[in-house]
Amino acid sequence: MPNVITANNLTLSYDQDDEVIKNATFIIKKGDFVFITGPSGSGKSTLLKSFYGNLKPREGSLVIGGLDMIDIKKPKLQELRSHLGIVFQDYKLINEWTVEKNVVLPLWISGYSAEVQSTQARRLLHHVKLSGKEDKYPMELSGGEQQRVGVARALAKNPFLILADEPTGNLDEYSSNVIWDLMENACQQLDTTVVVVTHRIPMVFNIPYRHFTIDENGSVYEVH
Amino acid sequence: MGAFMKFIKQHISLIFPLVAILLGLEFFIVFDRTTDTYEKSLSDSYSIMVVAREEMSIDDFKTWDKHILGVKELSRPEALRGMKLVDKKSLEESLPYFYKIKLDNLLGIQALEQVKQNLTKSDTIKRIETFSSTYKSQYELFMFIKFSFGLFIVFMTIIGFFLIVKQMEVWNFLHAQRMKVMEIFGASLFLRSKVLINMAVIDAILSAILTSSIFIALKNIWVSDSEMKILKEHVSEIFFVSDFFILLFASIFVVLIAVFLVVINVKGE
Numbered sequence: 001m002p003n004v005i006t007a008n009n010l011t012l013s014y015d016q017d018d019e020v021i022k023n024a025t026f027i028i029k030k031g032d033f034v035f036i037t038g039p040s041g042s043g044k045s046t047l048l049k050s051f052y053g054n055l056k057p058r059e060g061s062l063v064i065g066g067l068d069m070i071d072i073k074k075p076k077l078q079e080l081r082s083h084l085g086i087v088f089q090d091y092k093l094i095n096e097w098t099v100e101k102n103v104v105l106p107l108w109i110s111g112y113s114a115e116v117q118s119t120q121a122r123r124l125l126h127h128v129k130l131s132g133k134e135d136k137y138p139m140e141l142s143g144g145e146q147q148r149v150g151v152a153r154a155l156a157k158n159p160f161l162i163l164a165d166e167p168t169g170n171l172d173e174y175s176s177n178v179i180w181d182l183m184e185n186a187c188q189q190l191d192t193t194v195v196v197v198t199h200r201i202p203m204v205f206n207i208p209y210r211h212f213t214i215d216e217n218g219s220v221y222e223v224h
Numbered sequence: 225m226g227a228f229m230k231f232i233k234q235h236i237s238l239i240f241p242l243v244a245i246l247l248g249l250e251f252f253i254v255f256d257r258t259t260d261t262y263e264k265s266l267s268d269s270y271s272i273m274v275v276a277r278e279e280m281s282i283d284d285f286k287t288w289d290k291h292i293l294g295v296k297e298l299s300r301p302e303a304l305r306g307m308k309l310v311d312k313k314s315l316e317e318s319l320p321y322f323y324k325i326k327l328d329n330l331l332g333i334q335a336l337e338q339v340k341q342n343l344t345k346s347d348t349i350k351r352i353e354t355f356s357s358t359y360k361s362q363y364e365l366f367m368f369i370k371f372s373f374g375l376f377i378v379f380m381t382i383i384g385f386f387l388i389v390k391q392m393e394v395w396n397f398l399h400a401q402r403m404k405v406m407e408i409f410g411a412s413l414f415l416r417s418k419v420l421i422n423m424a425v426i427d428a429i430l431s432a433i434l435t436s437s438i439f440i441a442l443k444n445i446w447v448s449d450s451e452m453k454i455l456k457e458h459v460s461e462i463f464f465v466s467d468f469f470i471l472l473f474a475s476i477f478v479v480l481i482a483v484f485l486v487v488i489n490v491k492g493e
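Just so you know, the protein sequences line up as chains A and B, in that order. In terms of my numbering, the first sequence is numbered consecutively and its last residue is 224. In terms of my numbering, the second sequence is numbered consecutively and its last residue is 493.
I should point out that these hints are in silico values taken from the structure, not numbers from a laboratory. We treat Cβ as the ideally placed atom computed from N, Cα and C, and that holds for glycine. Any given hint might turn out to be false.
Said to hold, decoys possible - Coverage of chain B stretches by chain A, computed from C-beta distances (three or more under 8 angstroms per stretch; other residues unrestricted):
(1) 378-392
(2) 397-405
Claimed, not checked - Listing some non-contacts, in silico: residues in chain A with all C-beta distances to chain B over 10 angstroms:
(3) 16
(4) 26
(5) 31
(6) 92
(7) 95
(8) 109
(9) 112
(10) 115
(11) 140
(12) 199
(13) 213
(14) 217
Just chain A, with the same shape it has in the complex:
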């Protein structure tokens, strides 16, 4: 399987004195489902941010989908991001847009026709069990429903990599299970690589996964 993420002695920091992630070396392959856990403030979200180019590596190397994240230029980064699916704990939906418009955001950015956008929106909303809510606004939905819109948006362009930062952090158990099911399906049926930052790995998880943990010193280990 080809490598999707390759980190070699990767060091991340927000300023010169404070290293958040130190000398991390790992490879994540196509189709892998990866959980990244660790205590609060250990750098889980920071590591994820570096995967979508929101934080440049300070030292070492990081290659995502064949692109070196150290020297990546703005247009290439925009192109890379348009092929990623990103899910956030606080959903990051656009409140003044309808559910349908939120879901097709990655398609709209890539210039797909209105017809393709509409067809894909219906398919995705059916997939996340939100059919009939196309014209609702995010604020009219429950937290679990909003996160399902977030997952649908992440899946809109069949990304090669899904990055999820605490996707179930604000959800009840039922909604969390729905989200995990959707993630499992994406990984299993579409062979998408999924990287999830979480405090706790779900008790019931139906597919094989890898587990990285970050200790308080910012060192990354594979534990499973």
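With the hints as your guide, set chain B onto chain A.
Just chain B now, kept in the frame of chain A:
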């Protein structure tokens, strides 16, 4: 009605400061245009009286001061009109030469004094009358009006800019989240700012139309009914069709700068 009110609420906060700036700009253009003409008419109606021992030509005068534009000799019989004299002819011959001198523009008080000083240096010139007190009051009043109006325009423009800065903060509050999300999903700068650009350009066009309408109304209603001679004389200069395009260009330029500053200050999360 609800949609209309929503539209007004969304747009008025930018249209208002834009109109303030555009009014300032158009007032400046119109004022500059009208005062130029007025300045010229003041200058045309003003002349210096010179009494010379010998006949002098325009070139003779110009050698003494570069501001001299034209010279008109007053006929000597004119000066003696109304007098009952026995030997009018010989008296006429013994009289000096009288000249009315036009200047090239409306000079300041000091510059006018300098013209007088320069002419005094000539041995041929006996006497110079600049009518400086009348000139001074006209000149100072004109300059005071020009300065006050300029100050008012600057003040209006500053207020307009402050209101636009305030509007930029509102935009930042309303649009930052959307732009951040779009950036995360790989949208270009243009796509991220498209909504804001569309809105701002609409406001810019509306502002230019509104400002032009105000001036057209001033021209056709207020000035026509006005008793002020100076306004009536210059009514044609109050608004040109080309002014609309100047206003449109200026307002689009201002809003695009504002949008650009908002967009580049929004960083993805």
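Structure-based check of all given hints:
Evaluation of the coverage hint for the segment 378-392 of chain B: breached, as 0 residues show C-beta separations to chain A shorter than 8 angstroms, against a requirement of three. Coverage of the segment 397-405 of chain B by chain A holds. Counting CB-CB distances below 8 angstroms, 4 residues qualify, and the rule asks for three or more. Its beta-carbon lying about 20 angstroms from the closest one in chain B, residue 16(A) satisfies the requirement of being farther than 10 angstroms from that chain. Residue-level check passed: residue 26(A) sits 23 angstroms from the nearest beta carbon of chain B, beyond 10 angstroms.
Distance check for residue 31(A) against chain B: the nearest CB is about 23 angstroms away, which clears 10 angstroms, and the non-interface claim stands. At roughly 5 angstroms from the closest C-beta of chain B, the C-beta of residue 92(A) falls inside 10 angstroms, breaking its exclusion from the interface. At the 10 angstroms boundary, the C-beta of residue 95(A) falls inside the reach of chain B, the nearest C-beta of that chain being 8 angstroms off. At roughly 5 angstroms from the closest C-beta of chain B, the C-beta of residue 109(A) falls inside 10 angstroms, breaking its exclusion from the interface.
No beta-carbon of chain B is positioned within 10 angstroms of the beta-carbon of residue 112(A); the least distance is around 13 angstroms. No beta-carbon of chain B is positioned within 10 angstroms of the beta-carbon of residue 115(A); the least distance is around 20 angstroms. The claim that residue 140(A) lies off the interface holds: its Cβ sits roughly 17 angstroms from the closest Cβ of chain B, which is beyond the 10 angstroms cut-off. Residue 199(A), annotated as away from the interface, keeps every beta carbon of chain B farther than 10 angstroms; the closest lies near 20 angstroms.
Listed as a non-interface residue, residue 213(A) keeps its Cβ farther than 10 angstroms from every Cβ of chain B; the least gap is roughly 24 angstroms. For residue 217(A), the shortest C-beta to C-beta distance to chain B comes to about 25 angstroms, beyond the 10 angstroms cut-off, and the non-interface label holds.
Going through the hint list in order, the structure does not satisfy hints 1, 6, 7, 8.
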